[in-house]
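A.B. asks: Chain residues, written in single-letter form:
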Amino acid sequence: MYQANPTLDVSTEAGLDAWLAVHASEMTSLRADSSDDLNARVAKDRALLGYLTDRGVTGWGWPIEYGGRGGTEVHRAVFYDQLTRHGFGMPECAPGLEVLGSALAKYAPTLAAKYLTDMLSGRSIWCQGFSEPEAGSDLAALRTTATRVDAGWIIKGQKVWTSLAHLASWCGLLARTGPPNSRHRGLTLFWADMREPGVSVRPLRTLSGEDDFCEVFFDGTVVPDDHRVGGVDEGWDVAMHLLQFERGMWAWQRQAIMHAALEDAITRLRDPATHSAAIARAYLAAAAVRSRSRSTVERLARGETLGPEVSADKLLLGQAEHIVYDAIRSVSPGFELSSSPNDSALRREWFYSRAATVYGGSADIQRNIVAQRVLGLPREMNYA
Amino acid sequence: MNRILADEALALAAVVRDQVLAAGGVDLLRSAVRRPENRDKINSIFDAAGVWGLQPLDDGLELEAAAAICEISGEFALPYPVVERLTRDRHDCPTLLVPTAAKRCIGVHVDYDWAWSAVDLTGQSYEVIGRGQSLFGTRIAPLAGEVFIRPRAEQQPRLAALGVTLQCWWLVGLLRKALADTIKYSGERNQFGRPLRAFQAVAFGIADMTVAVEGLEEMAKYTLWSVREDDHGSSALVDSLALRTIALEASDIVLRGAHQYHGAMGFTDEVDISWLSLASQLPRRLPETESATRDLLASMISASEFEVMRRGRTSAAVEGESLVSG
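Just so you know, the sequences run in chain order A and B. Heads up: the first sequence begins at 1 in the working numbering, then just goes up one per residue. Heads up: the second sequence begins at 385 in the working numbering, then just goes up one per residue.
Among the hints, erroneous ones may be present.
If you want a taste of the chain A side facing chain B, the calculated C-beta under 10 angstroms gives, among others [what the hints assert, rightly or not]:
id: 1; residue: SER200
id: 2; residue: LEU204
id: 3; residue: LEU207
id: 4; residue: ALA278
id: 5; residue: TYR283
id: 6; residue: HIS322
id: 7; residue: ARG347
id: 8; residue: THR357
id: 9; residue: ARG367
What the simulated footprint calls covered on chain A by chain B, stretch by stretch (three residues with Cβ under 8 angstroms from a Cβ of chain B suffice, anywhere in the stretch; the number is not a length) [to be verified]:
id: 10; segment: 136 to 148
id: 11; segment: 358 to 364
Label-pair restraints from in silico Cβ distances [what the hints assert, rightly or not]:
id: 12; chain 1: B; residue 1: MET693; chain 2: A; residue 2: ILE266; range: 30 to 40 angstroms
id: 13; chain 1: A; residue 1: ARG367; chain 2: B; residue 2: GLY577; range: 11 to 21 angstroms
id: 14; chain 1: B; residue 1: ASP497; chain 2: A; residue 2: ASP219; range: 51 to 61 angstroms
id: 15; chain 1: B; residue 1: VAL595; chain 2: A; residue 2: MET381; range: 17 to 27 angstroms
id: 16; chain 1: A; residue 1: LEU377; chain 2: B; residue 2: ASP653; range: 34 to 44 angstroms
Note that these hints are calculated values from the structure, not bench results. We treat Cβ as the ideally placed atom computed from N, Cα and C, and that holds for glycine.
Based on the sequences and whatever the hints tell you, model everything.
C.D. replies: Right, here's the structure in full:
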């Protein structure tokens, strides 16, 4: 068993920073390279998490009863920050951990106790099966069904835009257990095994050049009833709960990534005087997200329930992503066509940033939420 | 919304367009990035239609035809140096647009083993003295390579103006198509019980995209007149840089809107808008970025003591007549 250095307390920010600095030279092979494709990056992320878990560094901010080391969302935020500051980037599985881990912790403690440590240690990847071809912004229109049988629930339907589905062992799957027109009142969240018969995955090639996400087909897959997350027909409440973590922790993860990307761009600036205005503007945008997101993370840590006001976080984040990556691109001369791995990685990140106002609830939806549910402004009129 | 290009110019472009569609449209780009030799199909169509015989700097009607041809090339983001082949210098060499004062540049389709010329946005002309590696690292990269250039003694502002203008007409075609695809998709995609475009915010966004395209087209038509009228070309060059600046602003508005309203779908390879967006990056970033173009434009305007700006107001564009040909 690895003995942690007693003078480096990784449950504190300063301690974790020092620990990572001390161990940096041992960890170089775990650092993703700009030339790594998605699958290679995921493999390194999993190895990194395994390494850190063996040394007692991971698990802070997750309940002890689920295999964590205690603490709050602030611990998790510090961990994500420090990883990016030390050049490890954000593990590709980190978003899934926050969103689905939080759902399991609250609504399926037995599943959390069984599966969380696999994710924390990099042994397992999770994916989120929500969107469908006919249910994007209007998630409550989803059609994948879950029908009760003796063995559990039979799942039939199709999910789309499912990140990492091609590598995932488990899927947090939102399905319809109510009648066809029950909208948000007839949904249930399940914990589905991606390796079961009846599950097929088709990666989708995207503008960034990677198979960023997938279609997932469930053709009579059986999920046992003890893999239900929350009550029958209570899936919408579970989704609203985990949305807090999607809004809160995802923005924090992204600001950490953006700050690291800006720092990297600054080191490669050939003409600082010309580019300082663009960099400064980008820095302000990222700093605004960090500041707002920090408050949101602290609210989560205090056990507060976040409401529609976190749509402002999402809007700030989307705007910042465009500003930051546009700035990085404008100061990177090799951006267009250079074959250097760095420039390839930049291009991928720039294209991905274009989607920031689309995924996870489009900017248009967020504006609706701010207008209607925060400000109480009237809904757009329905007309035939 | 009158199309003020001459009927004969539009007719030629329509013939070429039909054949390009029959040959696969945007699939020509998809296939060329896998196998660059598939580009030759495009040349056969253009060659047979007599496109390479056009002399845009010698004849107003042929200038309009060249613009119309570039517009339909952009509509499908055709992976072929249409702009460059229509921008031929007096040695009859296709002309690449290159950055100002650079020695090494990137050119698309320079793997075609022709005698290339080059010109930058100040009108400085160059000979292309060598080609470097084909570049890998993006999906478009098999079509692109490095070129090495050496300045010639001569200035060729009118040639530069033509190249920039035709490149912008290529963007006009691409942006019109992106707008049309977005209008169509927003009518077909239903969420919350209604098509996307029934939401006022979406309709407003599409309206903004439309205004950007309409404004760009007007400016593109004016710039054709400017290129025709200015034999020396230094004023036309300034106008073409103004056109490029507007084209780049319009590109941002139109393509951001297209991506926003297509949602996740617009990022997948299977839809055309994804490829239009990818292909648009080249003329938008090469030969110079928006800020570099704007800086150059500003310095040229102030060097002319603002005279070059006033020129357009004294033009005799008569309503109802073709803008360019008599």
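A.B. asks: Confirm or reject each hint.
C.D. replies: Tested hints:
1. SER200: This interface hint is violated because 18 angstroms lies over the 10 angstroms limit.
2. LEU204: holds (5 angstroms)
3. LEU207: Constraint on LEU207 (chain A) satisfied, holds at 5 angstroms.
4. ALA278: Check passed: Cβ of ALA278 (chain A) comes within 8 angstroms of chain B, closer than 10 angstroms.
5. TYR283: With Cβ-Cβ at 18 angstroms, over 10 angstroms, it is violated.
6. HIS322: holds (8 angstroms)
7. ARG347: holds (6 angstroms)
8. THR357: holds (6 angstroms)
9. ARG367: ARG367 (chain A) check passes; min Cβ-Cβ to chain B is 7 angstroms, inside 10 angstroms.
10. 136 to 148: That given contact holds, which follows from 4 residues of the segment 136 to 148 of chain A lying within Cβ reach (below 8 angstroms) of chain B.
11. 358 to 364: It holds, with 5 qualifying residues against the three required.
12. B:MET693 - A:ILE266: 30 to 40 angstroms: holds (38 angstroms)
13. A:ARG367 - B:GLY577: 11 to 21 angstroms: Between ARG367 (chain A) and GLY577 (chain B), where Cβ atoms are some 19 angstroms apart, the hint holds.
14. B:ASP497 - A:ASP219: 51 to 61 angstroms: Between ASP497 (chain B) and ASP219 (chain A), where Cβ atoms are some 53 angstroms apart, the hint holds.
15. B:VAL595 - A:MET381: 17 to 27 angstroms: holds (25 angstroms)
16. A:LEU377 - B:ASP653: 34 to 44 angstroms: Check passed, 39 angstroms falls within 34 to 44 angstroms.
Hint violations for this structure: numbers 1 and 5, all remaining hints satisfied.
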